[in-house]
Amino acid sequence: FIMVSPDMRFHVIIAAVFWFGFVDSRKIKGISSSYKRFYRQRKSFLCIHGSKIIPFEQVNDDYCDCDDGSDEPGTSACPRGRFYCTNLGFRPHYIPSSRVNDGICDCCDASDEYNSHAHCQNTCWNLGQRERAYVAGQMRTLDEGLQLKQQLIEEGLLLWRENRELQQVAEDLQIKLEEHRRKKHKADRLKEQTLKGLQAGDSSLFKRQNSTVISTFQLLDSNNDGSITVDEVQAKVALVHDEERVLSEDEAVALLGGGDQMDLTKFQHTLWDILTKGDSVKVNYGPDWEFLFLNSQCYKLNVYGYTYTLCPFNQVTQKSTAGTEVSLGRWGMWAATPKHQYSQMVYENGEPCWQGGSRSTTVTLTCGTETALLSVKEPSKCQYIMDFQTPVACQPVLKQRGIHSEL
Amino acid sequence: MAPVLMLWLVMSLSGTWAVDKGNFKTCDQSAFCKRQRALKPGESPYRALLETMELTSTRLTLQLINDNNKVHLLLELYRLQGNITRVKINELKPLKPRYEVPDVLIREPSTEPLSLLSQDENGVVLSLGSESQRVIVSARPFRLDIMEGRDVLMSLNSRGLLAFEQLRMRKDTPLFSIHILTQWMISIFKAKEEEEKVEDGMWEETFKSHSDSKPNGPSAISLDFSLPGVEHVYGIPEHADTLRLKTTDNGDPYRLYNLDVFQYELYNPMALYGAVPVMLAHNAQRTTGIFWLNAAETWVDISSNTTVFGKMLDYVQGSSETPQTDVRWISESGIIDVFIMLGPTPKDVFSQYASLTGTQSFPPEAAVGYHQCRWNYNDQEDVTSVDAGFDEHNIPYDYIWLDIEHTDGKRYFTWDPHKFATPKEMLQGLMDKKRKMVAIVDPHIKVDSNYKIHNEIRNRAFYIKNKDGGDYEGWCWPGSAGYPDFTRADMRDWWASMFAYDQYEGSMENLYTWNDMNEPSVFNGPEVTMHKDAVHGAWEHRDVHNLYGFYVQMATAQGLIRRSGGVERPFVLTRAFFAGSQRYGAVWTGDNAAEWDHLKISIPMCLSLGLVGISFCGADVGGFFKSPSTELLVRWYQTGAYQPFFRAHAHLDTPRREPWLFGPENTALIREAVRQRYTLLPYWYQQFYHSHRTGQPIMRPLWVEYPQDPATFALDDEFLIGRDLLVHPVTEEGARGVTAYLPGKDEVWFDVHTFQKHNGAQNLYIPVTISSIPVFQRGGSIIPRKSRVRRSSTCMMQDPYTLYVALNPQRTAEGELYIDDGHTFNYEKKEFIHRKLFFANNMLSSENLAPDAQFSTRSWFERIVILGASKPSKVTLKTADGQESQLEFDFDASMSVLTLRKPSMNAGLDWNVMLQ
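As you go down the protein sequences, you meet chains W and D in turn. According to full-length UniProt numbering, the residues represented by the first sequence are 1 to 407, in order. According to full-length UniProt numbering, the residues represented by the second sequence are 1 to 916, in order.
Take these hints with a grain of salt, some might be off.
Just a sample of chain D residues kept apart from chain W, beta carbon distances all over 12 Å, derived [unchecked claim]:
| no. | residue |
| --- | --- |
| 1 | Leu74 |
| 2 | Asp200 |
| 3 | Asp249 |
| 4 | Asp379 |
| 5 | Pro417 |
| 6 | Asn466 |
| 7 | Arg736 |
| 8 | Phe755 |
| 9 | Leu764 |
| 10 | Tyr765 |
| 11 | Ile770 |
| 12 | Ser792 |
| 13 | Glu888 |
| 14 | Arg901 |
Mimicking PhoX-like on lysine-lysine, the simulated pairs with C-alpha atoms at most 25 Å apart in a straight line are [as the list claims (entries may be wrong)]:
| no. | chain 1 | residue 1 | chain 2 | residue 2 |
| --- | --- | --- | --- | --- |
| 15 | D | Lys34 | W | Lys27 |
| 16 | D | Lys34 | D | Lys70 |
| 17 | D | Lys465 | D | Lys208 |
| 18 | D | Lys34 | W | Lys29 |
| 19 | D | Lys208 | W | Lys52 |
| 20 | W | Lys319 | W | Lys339 |
Hints listed in this document are in silico derivations from the structure and should not be mistaken for laboratory results. Don't be surprised by glycine CBs; every beta carbon is placed ideally from N, CA and C.
Please construct the entire structure, taking both the sequences and the accompanying hints into account.
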């Protein structure tokens, strides 16, 4: 047991205060708190990767001694160095050493321009506030988006069920639309001609396709009353395997989705797909079929005098003010990172380009409360990129990741 | 039926292998070239009339007569300061004045007295000054021989190819006026003596669907030059060909006629975008130059007695014949005005040429950095994101460029109202990062009555006129376009005023200019250019064609200077050029392609330009047309980083190729190439200063520094930057190694990356990987670098230097350091630091080369690296105030590299460092 006189105790306290004060004054510029341990020794400094030992005075003395740049975290001396912006109130981050004292404010706390002519303000608090507001907004959007997503999934499923049932019926029956096949063949030839016409700039892909839906509908609608009935289906649709076998009444009813008639709109969204594409339901609409509702929708955006139209899972087009419409690609596939399997759509084989190849569009999906086309760009000739926002792109995982924790 | 079929076959054949060439004339398709080339060497019909000789203190004149047609010519002979002889030949009494090129010479050259040494009925001998140099004028036939001692340096008309198509009246010209009538009578009088044949193409000429009305008839000129002892000639750019010019006996002559050539072919003599009618002749004893001052379409024939059917014969010593190169120049109009630069060293020729046409303009330092261009960055957002991409990937750049799409409907001086709605905001954003922008301003002006520029030019009658007197209109990017008459000083003055900040809306001081299409390019014109019978005041376009681009850049540079009140240096890039264009900015080699051969040809193309004064040269990095493989793109960055003008550019139809789009490894390779450029900026900038002061090329063929070493004479896959850096870029696909020739019998070269020392006068095989850029520093040199590579050159202004001292076998070295503010003309007011650094007797010191100059810098020396050193026991720094201090150092014995740590003295002061 050692007696400590009050007087001595006072000295100990003074010494401690002095020591802390000393450490503070020798604060190493440009390092994060997790790196402080490397700079604790006061006599010599070991380059972090271990290549060299130098006197401690040579740390941050504006001369690069260590190959790894670790002796100059606070100056621009090392080509491979980095400077830590503490950025209190915002997000801390590293900048390359070459941005220290280069006359440009990089850290929001202005710490990188401690010896330059730049008059940097500490903007971290404002940035932080803005960021927090932004993140809060994002979270609200995500919440709303996820709710909307549920509704849209249900809507889509409803459509899917109808489609699916019809598809089932069609598959079971293995039907074919004899006359339609012939028509389609004709239409394909027409398409070739139209494409040529398009180059001359006098026709429209969109119109043509609509008219084919209508013409098929009209073909089935023998009495032209605007709806297809059981009789009419029986008259035009045949079973594939039994050459001449006509559909039974029950089979026809099933094809009409359980009713005894079908109008053009319903036809367009159900039977038409099945009769023409057959495989439309095979498209991957996401794990919860959440993208299904986009199937029959189109979204437009005007950019620099062009109208861009994205019809998901179908096609992308561009229409100039002069009125010519050009295909920027037809539905190709999902192309995405392993993390986000459904974040990008690729549309390929659009209108051919002057120097070879054809137009294509990559659509990036982001979470939002509305479904809308946000932007279109053409960074290289014939290669388009679109930002497309929709609630169904909202992922609950995003919510779990702690965005707040960084602030 | 048969003839029709034959015709069809011929047409389809030519269609398959001459698609591009078919748009441009061969000599045979150019009437005057065909006419002149038909004239073969022989006895000249010209005779000097010695009795007409007049010798004043500044010149000799005498008349020449063509004995065939009795037309008199007037010969003027001048001895110019600096060992230059000028020979002018014009018609004694031309029907109307013939065009003499103005504005290219920086001043009327100063003359020196010619003295008569001897004279008899065969000729006269004149002294060209001290060194036993004289010119012999022989009378019958007329020829000129320039001699030194007993050696003939150059002979003119020795092959009898002097030709001068005198202006004449058309035989069937209707009479309009008394004036013409008198002239007509004179011509009848003359015609009695003449027996002139009227050939096709003399009074009218057609090419494809274009007709040239030729109201003045034939007016071509031609002259031959013989160069005894010469086997190597260079220059006469712009051609996509080897550095050493080839003989032209078996094909077309080299053509000089500024043309917009779509997807040009390599290794042929076809004309390209620019023309500098200057040729250099070199052998181990002497270098001379010929400057043919003529702006009309010109063809240059080269033949050699050591080359037969295009193959070089080994010249056997003791053979009866000395090697000789014969050159012949043919131009469509104007006069013969030729400057014979007598060297004798390459440097003398460069100084002589610079004394006539001026030196390379001194660019803002930032322009020596890296330029990022593309046709097109689509909108402001695109610009912002590319700018951010450079920061994200930590690649420096100084200028981002906007091609034609940035304008409002190809109306230059305007911005697309949607895509570039707030240009000042964009420019301010770049300025905040200490970066700059270049926007294109082409000389074709959209014919549109709602376009201010067009209205002003039309109202002021500044447009070039067509042959019928209306404004000339041609088809170019905006559709129908007019072409301002840049040959008019008042037009250029007005054009320059359009760059004022209040005229050029949306412009700011960090916006600079690019003049493209200034050959001029006319999509629907003959050979994609202007009709030769278009009218520039008193002259035809025929007379001034090759000058047009020169004037466009001149006026634009003037505009950029004026907008700053004469304070700031301009930066203007041009595609078309002429002799003297070096005074106004940079040139690039036009629309090349993403092919390995195009990468290779960038070296001889820029070397050839450098030889004729235009140092600020570069090729589109990556290639303009087509899309480069990643390997080609990387190699191109590595090559471009070591060429004077360093800009990546790409065609609208190619995929994006910003440096970070090819995976992290390639991004790193490109980053490293660009960083090497930036570390060397102090050396580059000093080279530009030197070139501006002296006219010496920056990018040099090896023979310029090693003129006596024949092994260097034809090298064009490697080059020097200044004297001290030798670069042999890798330009072969999949290369595992390159063989570089290191010149200099008693020299050593240090690999700048490994510091390994190599002896000179050897072919060195260098194994390479994809990251290799073989660069060597000459032993005996000192090169300043800045090792802190930042976002842009401007961010590096105040940074410290590292000196690389490479010792020669004598253990000496010297170099220079030049520092100024980097962007103003204040250097002309002696605001700069220029120091000589030298190492001898184990002491490195800095000496003021310009004691009368004043400038201060914050820059200091952070490191001195001495290559080829031995280990000292101590190193002492002594500064100007007499203070001495010991320096820490590190010695690498394996490479003999001594590194002095942080000497810290200011870059502008006197000091020395002693090794003991």
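Numbers of unmet hints, in rising order: Hint check: 4, 5, 12, 13, 14, 15, 18, 19, 20 fail, others pass.
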